[in-house]
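*Asks:* The residues making up each chain are set out below.
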Amino acid sequence: MKTLRKYAVIARISLQNAIHYRVATISAFLFYTLFIYVFTMLWKAIYQEGSVHGYSYQQIVWYLIMTEFVGFACGTGIFRTMNEDIKSGSVAYLLGRPTHYVFYQLANSSGQVLINAVSFGFLAALLGLVLVGPLPGFHPASLPPVCLSVVLAVMINFFFMMLIGLSSFIMEENFALFLIYQKLNFMLGMFLPVEFLPGWLQPVAKSLPFSYMYWAPGKLFVNYSPTLFWQLVPRQAAWAAVLIVLTLLVYRASVRRLQVNGG
Amino acid sequence: MKAIETENLRKSYRTRVKAEGLKASFRALVKPEWREIEAVRGVSLEVEQGEIVAFIGPNGAGKSTFIKMLCGILHPTSGEISVLGLSPIKERRRLSMRIGTVFGQKSQLWLHLPAVDSFTLLAAIYEIDDKEKKRRVSELSELFELGDFLQTPVRKLSLGQRIRCEVAASLLHEPELLFLDEPTIGLDVVVKQTIRELILRQNRERGTTVFLTSHDPADIEHLCNRAVVIDHGDIVLDSPVEKLKCEYLGKKLIDVSFSTPQALPELDGVSSKAEAGGLKATLTVDTGIRPIGEVMERLSLLGAVTDITISNPPMEDIIAAIFQREARRTP
Numbered sequence: 001m002k003t004l005r006k007y008a009v010i011a012r013i014s015l016q017n018a019i020h021y022r023v024a025t026i027s028a029f030l031f032y033t034l035f036i037y038v039f040t041m042l043w044k045a046i047y048q049e050g051s052v053h054g055y056s057y058q059q060i061v062w063y064l065i066m067t068e069f070v071g072f073a074c075g076t077g078i079f080r081t082m083n084e085d086i087k088s089g090s091v092a093y094l095l096g097r098p099t100h101y102v103f104y105q106l107a108n109s110s111g112q113v114l115i116n117a118v119s120f121g122f123l124a125a126l127l128g129l130v131l132v133g134p135l136p137g138f139h140p141a142s143l144p145p146v147c148l149s150v151v152l153a154v155m156i157n158f159f160f161m162m163l164i165g166l167s168s169f170i171m172e173e174n175f176a177l178f179l180i181y182q183k184l185n186f187m188l189g190m191f192l193p194v195e196f197l198p199g200w201l202q203p204v205a206k207s208l209p210f211s212y213m214y215w216a217p218g219k220l221f222v223n224y225s226p227t228l229f230w231q232l233v234p235r236q237a238a239w240a241a242v243l244i245v246l247t248l249l250v251y252r253a254s255v256r257r258l259q260v261n262g263g
Numbered sequence: 001m002k003a004i005e006t007e008n009l010r011k012s013y014r015t016r017v018k019a020e021g022l023k024a025s026f027r028a029l030v031k032p033e034w035r036e037i038e039a040v041r042g043v044s045l046e047v048e049q050g051e052i053v054a055f056i057g058p059n060g061a062g063k064s065t066f067i068k069m070l071c072g073i074l075h076p077t078s079g080e081i082s083v084l085g086l087s088p089i090k091e092r093r094r095l096s097m098r099i100g101t102v103f104g105q106k107s108q109l110w111l112h113l114p115a116v117d118s119f120t121l122l123a124a125i126y127e128i129d130d131k132e133k134k135r136r137v138s139e140l141s142e143l144f145e146l147g148d149f150l151q152t153p154v155r156k157l158s159l160g161q162r163i164r165c166e167v168a169a170s171l172l173h174e175p176e177l178l179f180l181d182e183p184t185i186g187l188d189v190v191v192k193q194t195i196r197e198l199i200l201r202q203n204r205e206r207g208t209t210v211f212l213t214s215h216d217p218a219d220i221e222h223l224c225n226r227a228v229v230i231d232h233g234d235i236v237l238d239s240p241v242e243k244l245k246c247e248y249l250g251k252k253l254i255d256v257s258f259s260t261p262q263a264l265p266e267l268d269g270v271s272s273k274a275e276a277g278g279l280k281a282t283l284t285v286d287t288g289i290r291p292i293g294e295v296m297e298r299l300s301l302l303g304a305v306t307d308i309t310i311s312n313p314p315m316e317d318i319i320a321a322i323f324q325r326e327a328r329r330t331p
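Residue numbers (my numbering), protein chains in the order written: chain A, 1 to 263; chain B, 1 to 331.
There are no misleading hints in this set.
If you anchor each label on the Cβ, the simulated ranges turn out as follows:
1) B:Pro313 - A:Ile26: 46 to 56 Å
2) A:Leu30 - B:Ala19: 42 to 52 Å
3) A:Ser119 - B:Asp130: 28 to 38 Å
4) A:Phe31 - B:Asp238: 51 to 61 Å
5) A:Phe186 - B:Lys156: 38 to 48 Å
6) A:Gln48 - B:Glu20: 55 to 65 Å
It is worth saying that the hints were derived from the structure and are not from the lab. Where is the CB? At the ideal position from N, CA and C, for every residue including glycine.
Can you make the complete structure from the sequences, with help from the hints?
*Replies:* Have a look at this one:
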């Protein structure tokens, strides 16, 4: 109980801290709006011909709104935070506390994610309604399962970023790993649904965890059905579990090899 | 039970080396070269509970690495460690409930939030209930005189105020052993003295063991009962501070300026160096031979003194003197 309370307080303090980054949030709002607007115009031009790979124009715009929502609102800067902590040596404080480093960082990020999710949620809904109108066939009852899918997507993303961050315990420069990860996300669901990929690549993409961060919640949102939910969400949960275990194992191995700057 | 016990403790790590130039950069890309660095080389040390120990040495001597191994943050390459009867590696979380740390150049407080929020977070981390937290925060706030700025965002505090909050934060869970890594770095003389008094009170009233690194000889002189000097990862001197005071810390520097050139008097225990044609001088006074007050009096008799400051010799000079003497002692 005390352990849970510990991580809940970390999340609350991180939330309080996140409220102070107003300028960063407003700039992200503007960038998100611009991004959605440009892509909506692009899709409008492409969709002169009707539906593409089973997605209507409205669906593809809402798909993009959802995937970008996951990226903008729920992405965490954990990899950068960890790199800075290692470079500045502040990691010494975190490792010397009666908390688990990985779960401390998870709780610490959740405050930022929560505040972003709520504020970007409103912006995303507003942009969708203004640009293409309501999502066809949308029912409010689909929101809880879609939210669950988003939470799992955030978890997968967090633990991937944590794995990249942990590499800074043993590598001097790990930015290249982040770039590779980011580009894989761009290609495997963030900008385009997996169905848009060449036929031979689709099964490959679906067997990798990257698609379950953007494609799964995006597709589930625009095309919700219980069947689709059972197809996608258990896979997301499985990937999240695999990544948690992998992160804990890598943490255990890398903390032994840690070199803290300034001693 | 000893507060700290280490036996032949070693820590080495690999670092990449690369020769100068573009060609070497390409070579390093294909075939990186590594060099083994021994940061701590077989240190054996015992610290009793309630002691205040200064752990001093030049930059890169291995001080912080040693402290971080004692806290369980870094894993030793070999050797034995026991801190408050626990193994920092196997029982890190249990140990962390009983030790406090201040790394003077790093902050444990949330910059955008008032210090009181960081105290709330730390209280939760150290599993202190609300009632007890309130009691401790009010006690520390009174002791460290934090009342006025406890509600101010940390980024708006002066360095001295922040360090007072940092030390108070590290004491919130009433640790039995406090590791202070350069706690007074960058502070002015008055704030340094306040921090020292607070640490001393903690030691006297609660029996807290203090293990401190510092580059300020005054920290060692005013706070510690024992000094351990480390260089190249190895202990070169372990001595009571009283002895160190007589042998190394008894020297004071006087910088004096005159309005007209002066010839300095020759005194036993005082060496002087005139500059700017006799308008300025630096005197090194061995206070064991000649009291500082007497030298000041003789200087004032010269008249025409426009400025005068007394300071401790830099820690680097003291360490250099220790090394020279220890080298002479070991044939």
